[in-house]
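Participant: Use the sequences and the hints to build the structure in full.
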Amino acid sequence: MTLKPFFIDHMQTITLRTLLAGLWCLFLMEANAQAKYTISGYVKDNETGETLIGANVFLEKDATTGTVTNTYGFFSITLPEGPQRIVVSYLGYQTYVEDLDLHANANLNIQLIQGIAMEEVVIAAKAEEEDDNVQSTSMGRVTIPVEQLKVLPALLGEVDILKTIQLLPGVSSAGEGSAGFYVRGGGADQNLVLLDEAVVYNSGHFLGFFSVFNSDAIKNTTLIKGGIPAVYGGRLSSVLDIQMKEGNNQEFQGEGGIGLISSRLTLEGPIVKNKSSFLISGRRTYGFDLAQPFVRQTDFAGTNYFFYDLNAKMNYQFSQNDRVYLSGYFGRDVLTFAQPGRDFQFTLPYGNATATLRWNHLFNDKLFFNLSAIYNDYQFKAGFEQEEFKFDIFSGVRDYTAKFDFDYFPSNNHQVKTGLHATHHRLTPNIIRGNAGDTEFENTAEAKYAHEYAVYLQDDWKINPWIRVNLGLRATLFQQTGPYTSGIDGQVYDGGEIVKTYNSLEPRMFVTTTLNPNTSLKAGITSTTQYLHLVSNSSSTLPADVWVPSSELVKPQRGWQYAAGYFQNIRKNAFEASIEVYYKSLKDQIDYRESYVDNSVDQVENEFVFGDGRAYGTEFFIRKNTGALNGWIGYTLSRTDRTFPDIENGRTYPTTYDRTHDLSVVANYRLTDKLTAGLVFVYATGKAFTPPERVYLIEGELQTDYGPRNSRRLEPYHRMDVSLTWVPNPASQKAFRSEWVFSIYNVYNRKNTFFIYTDYETDLQSGTADVNAYKVSIFPILPSVTWNFKFK
Amino acid sequence: MKATLKLIAIGISMSLLVSCEQEYIPPASADGPKYVVEGYIEAGQDPTPTYVLLTRSFDFYGEFGPDQFTESFVHDADVRVSDGSIEVALQEICLFDLDPAIREQVAEQFGLNADSLSVDFCVYLDLLNQLQPQSGKTYDLRILVEGDTITASTIIPMAVPLDSLMFEPPPGEPNDSLARLTCYISDPAGVKNFYRYFGSTNGGQLETGFSSVEEDLFFDGKSFGFQLFNPATDNGDVDPEEFGLYFVGDTMTLKWCTIDEANFDFWNTLEFARANQGPFSSYTRLQSNVTGALGIWGGYNVNYYTLVVAY
Numbered sequence: 080m081t082l083k084p085f086f087i088d089h090m091q092t093i094t095l096r097t098l099l100a101g102l103w104c105l106f107l108m109e110a111n112a113q114a115k116y117t118i119s120g121y122v123k124d125n126e127t128g129e130t131l132i133g134a135n136v137f138l139e140k141d142a143t144t145g146t147v148t149n150t151y152g153f154f155s156i157t158l159p160e161g162p163q164r165i166v167v168s169y170l171g172y173q174t175y176v177e178d179l180d181l182h183a184n185a186n187l188n189i190q191l192i193q194g195i196a197m198e199e200v201v202i203a204a205k206a207e208e209e210d211d212n213v214q215s216t217s218m219g220r221v222t223i224p225v226e227q228l229k230v231l232p233a234l235l236g237e238v239d240i241l242k243t244i245q246l247l248p249g250v251s252s253a254g255e256g257s258a259g260f261y262v263r264g265g266g267a268d269q270n271l272v273l274l275d276e277a278v279v280y281n282s283g284h285f286l287g288f289f290s291v292f293n294s295d296a297i298k299n300t301t302l303i304k305g306g307i308p309a310v311y312g313g314r315l316s317s318v319l320d321i322q323m324k325e326g327n328n329q330e331f332q333g334e335g336g337i338g339l340i341s342s343r344l345t346l347e348g349p350i351v352k353n354k355s356s357f358l359i360s361g362r363r364t365y366g367f368d369l370a371q372p373f374v375r376q377t378d379f380a381g382t383n384y385f386f387y388d389l390n391a392k393m394n395y396q397f398s399q400n401d402r403v404y405l406s407g408y409f410g411r412d413v414l415t416f417a418q419p420g421r422d423f424q425f426t427l428p429y430g431n432a433t434a435t436l437r438w439n440h441l442f443n444d445k446l447f448f449n450l451s452a453i454y455n456d457y458q459f460k461a462g463f464e465q466e467e468f469k470f471d472i473f474s475g476v477r478d479y480t481a482k483f484d485f486d487y488f489p490s491n492n493h494q495v496k497t498g499l500h501a502t503h504h505r506l507t508p509n510i511i512r513g514n515a516g517d518t519e520f521e522n523t524a525e526a527k528y529a530h531e532y533a534v535y536l537q538d539d540w541k542i543n544p545w546i547r548v549n550l551g552l553r554a555t556l557f558q559q560t561g562p563y564t565s566g567i568d569g570q571v572y573d574g575g576e577i578v579k580t581y582n583s584l585e586p587r588m589f590v591t592t593t594l595n596p597n598t599s600l601k602a603g604i605t606s607t608t609q610y611l612h613l614v615s616n617s618s619s620t621l622p623a624d625v626w627v628p629s630s631e632l633v634k635p636q637r638g639w640q641y642a643a644g645y646f647q648n649i650r651k652n653a654f655e656a657s658i659e660v661y662y663k664s665l666k667d668q669i670d671y672r673e674s675y676v677d678n679s680v681d682q683v684e685n686e687f688v689f690g691d692g693r694a695y696g697t698e699f700f701i702r703k704n705t706g707a708l709n710g711w712i713g714y715t716l717s718r719t720d721r722t723f724p725d726i727e728n729g730r731t732y733p734t735t736y737d738r739t740h741d742l743s744v745v746a747n748y749r750l751t752d753k754l755t756a757g758l759v760f761v762y763a764t765g766k767a768f769t770p771p772e773r774v775y776l777i778e779g780e781l782q783t784d785y786g787p788r789n790s791r792r793l794e795p796y797h798r799m800d801v802s803l804t805w806v807p808n809p810a811s812q813k814a815f816r817s818e819w820v821f822s823i824y825n826v827y828n829r830k831n832t833f834f835i836y837t838d839y840e841t842d843l844q845s846g847t848a849d850v851n852a853y854k855v856s857i858f859p860i861l862p863s864v865t866w867n868f869k870f871k
Numbered sequence: 031m032k033a034t035l036k037l038i039a040i041g042i043s044m045s046l047l048v049s050c051e052q053e054y055i056p057p058a059s060a061d062g063p064k065y066v067v068e069g070y071i072e073a074g075q076d077p078t079p080t081y082v083l084l085t086r087s088f089d090f091y092g093e094f095g096p097d098q099f100t101e102s103f104v105h106d107a108d109v110r111v112s113d114g115s116i117e118v119a120l121q122e123i124c125l126f127d128l129d130p131a132i133r134e135q136v137a138e139q140f141g142l143n144a145d146s147l148s149v150d151f152c153v154y155l156d157l158l159n160q161l162q163p164q165s166g167k168t169y170d171l172r173i174l175v176e177g178d179t180i181t182a183s184t185i186i187p188m189a190v191p192l193d194s195l196m197f198e199p200p201p202g203e204p205n206d207s208l209a210r211l212t213c214y215i216s217d218p219a220g221v222k223n224f225y226r227y228f229g230s231t232n233g234g235q236l237e238t239g240f241s242s243v244e245e246d247l248f249f250d251g252k253s254f255g256f257q258l259f260n261p262a263t264d265n266g267d268v269d270p271e272e273f274g275l276y277f278v279g280d281t282m283t284l285k286w287c288t289i290d291e292a293n294f295d296f297w298n299t300l301e302f303a304r305a306n307q308g309p310f311s312s313y314t315r316l317q318s319n320v321t322g323a324l325g326i327w328g329g330y331n332v333n334y335y336t337l338v339v340a341y
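In order, the protein sequences belong to chains A and B.
Numbered according to our numbering, the first sequence spans residues 80 to 871.
Numbered according to our numbering, the second sequence spans residues 31 to 341.
Think of the hints as simulated: they come from the structure by calculation, not from any bench.
There may be inaccurate statements among the hints.
Said to hold, decoys possible - Interface residues of chain A toward chain B, partial, derived using beta-carbon atoms under 8 Å:
| hint | residue |
| --- | --- |
| 1 | 783 |
| 2 | 837 |
| 3 | 850 |
| 4 | 853 |
Just so it is clear, CB atoms sit at the ideal spot from N, CA and C, and this is done for glycine as well.
Facilitator: In structure tokens form, the structure reads like this:
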């Protein structure tokens, strides 16, 4: 027995026991003879009626007595009888203060006003004592307001939430210009990406260069890269929780933009004022559409590419206690390559569709309930056609999910969440159907089915003013079901019959020790299990990559993350700073075997090999939230590696996304009322890659013999982008307002290597050869301009 | 308006497609060269005599000239092939040591012109065809060289000849100077079959295209027609309209082979590695069936078809 596995196993046992003991304590909550009353309600934007997520609600005289609004903007706070002054604060909004004389439970719906008022300075001085960054138990959690995104430089003017989160410490990019991301050494499939609770299985357009999230339709984005609360599960490394806007329930309004790549239009307004609203938002690219007159004159007439997104949402408040939300997303990439002269056509449509129906119900002022019914579907199809020959490949994932979630606020010292989630998965591997004339072909691949269940309980518990813990336990059950024919013993399973069962207990425990109102120490342990897997043979995940379930052939991936951090707010919360260290242990990781070739005809699970991974690092983060100059600096020092017995005889190697150093500087500077400047600078250790070391002759041509996997590094990656946002009439009260965003990507034209390829020319007759490798960079300096507008 | 649209289209295309390319020089290999085996054993119609090329790999950054190629051949190795009952020692011959007439014959086998050859091409050969390779048999290769042992094994599978083949007009717009080749085959059911083909035009060297191997996972037990691309058109100089097609009036020779799974895996990985070099590609190691060296020891069951391109 080696010391480390023993230590980790022992730690895991201790963690579970501690957690169970802690949860038991939940039921032994303190009794208090003094009369107390509960104030509950929603916090909203006064202009649009949008609920505000994560707003602070606390007592002015004792800021440690407080709470934050949940995902639906709801809060519940229990206070002693008598006069109380309540403060409600939210970043970017004027702080709200209300005096109450409490003699009964009260309902309080608070409307915050956007912008900073003069009296804010006074309130902020008092409000500094309650700050989520320092006092909450959340670790590795960052919320990015969409408005902040819109003034940052963007590749070709396309504002992209996934590219912005790559600028946070602990998050690395899948490559130049890519919306793909890796969190604290986890794989690309280990990020749980949610849009209104629906899982988005492929979050990229145009081979991952743009994300599917239209910023105009998004209200809130939260990335959790460390302490994942028990309410979330199913992925090892991170949660990216994105909520769509609900729609303005006060008045009709629209916004949109015209850019180089795409145009956007969003319409929203009340259906019944104060009770019901809608939002509909669309985005579509048109670069190739504009080129069609010229394409039609070539041998490739009919060739085109575009992508589009459509978001829609509506809600209705039946009563103070009942609200219903219905939201959906539909997006597609559509590539058509045609060669009419040869009667050849290739089509590649793929994309996501999601739908979420939610019912919020208040059983009483302390018990909030949400029922969600969720549908999501990712489909990929590639079709080839030439005369009588036809060939199609399909793959995809379709889920039906039901979630029952309760938020219980028994006292100010406890916020309890519990719930039950159930999902039915259908995962379609690469199914191939083709025909040559009357002869039909197909492979043996068939859709796989599974049920996934989770039940969780978590309590955010203020033990005393200095110590706060978040104890959670998530229990999961995963069953692969028929119809299925075993690849091991040939046994045939009927529809619904259980093929293989896995389960897991996932403790989550986070502790915050407040040293003073501005400083805290935090530590956390997170256990996660992942039952669905995406394995890629590419340097970045691609739309054709196939999700597979845990099965008789594939075990679930399991992870443990240990993290600790020092959090400090400086100068009356103007600055938030943190240092976090983490160690992540990953079991049953999956990769393709060496020499894997994507023939798309076989059971892909037969090509997998299994191993372990680990990641550890230190993250430094400082963010300035207020003033004319705001932004952040993030730096990560980290290491990520994998060990697979069947890859290079178990040699431990770094992953392609291992970055020893990763620095991001993000800044906005409000020059005048009309002009805001933005800057992004990134620096990262060069990407690890597998170098060509030798060449050798086969059939008179040179072939490559590669060195050890990921044993070399590209040169460091660095880049600076700048932007300038110009609002011609900032004080305009007109119904129609607009702004221009000028952006320059890669302002000093750095030639960052995107990939390397080899090129050989051999002539045995003369005994000569040209052996060359080339570094290719794709995005030079790229200026762009976008015109955004709003109207009422 | 049209001019504006054109400018926008050009601008977008330029922005998206512009890229920069620089030469990359990888670091030197610390481990030095490796042995490379390229050996074939054939049964069936007009089989090529069994032979093995034994060379050393080149460092990626090294020099490449006639001397380096000549020096890459490994001499004085003990190369033996066994079918379980007989074992034959292959004889090393180097082209520069042969009489001009024989040199020309041997060079031609490898697609070389003996008169202008700059490399002293050496091969280990079953000169007297003692092995008499047969389908269904396993052939083991064992090489002792400079204290190292290299081994490999291959099976010559049963032959699956084509039922017929014919040239037809090309798809799409009429073009009476081009033709496509359609072959018909009856794939035996219940057994894994692997195929490889070579093509030559007007008696030239047999060559392979970008995709020369196929397995029958898709069409096990089926009788059907399929197209075979002309390997000669698989290079960047060919008009896209002519890609894969044959030229009416030429004489085309098709070498159609069945191979074993290990042989298929090697060529499949080789062709995948060659084609899969792009922005999102990962590296692919060739899946060799040789232990102690890089390369391939491959058994083939061969059928030849020669016909004039016409329809």
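Participant: All the hints need checking, so say for each whether the structure fits it.
Facilitator: Evaluated hints:
1. 783: Holds, about 7 Å.
2. 837: 7 Å, holds
3. 850: Given a least distance of 6 Å, the restraint on residue 850 of chain A holds.
4. 853: It holds, given that the least Cβ distance between residue 853 of chain A and chain B is near 5 Å, below 8 Å.
The structure fails none of the hints (numbered hints given earlier).
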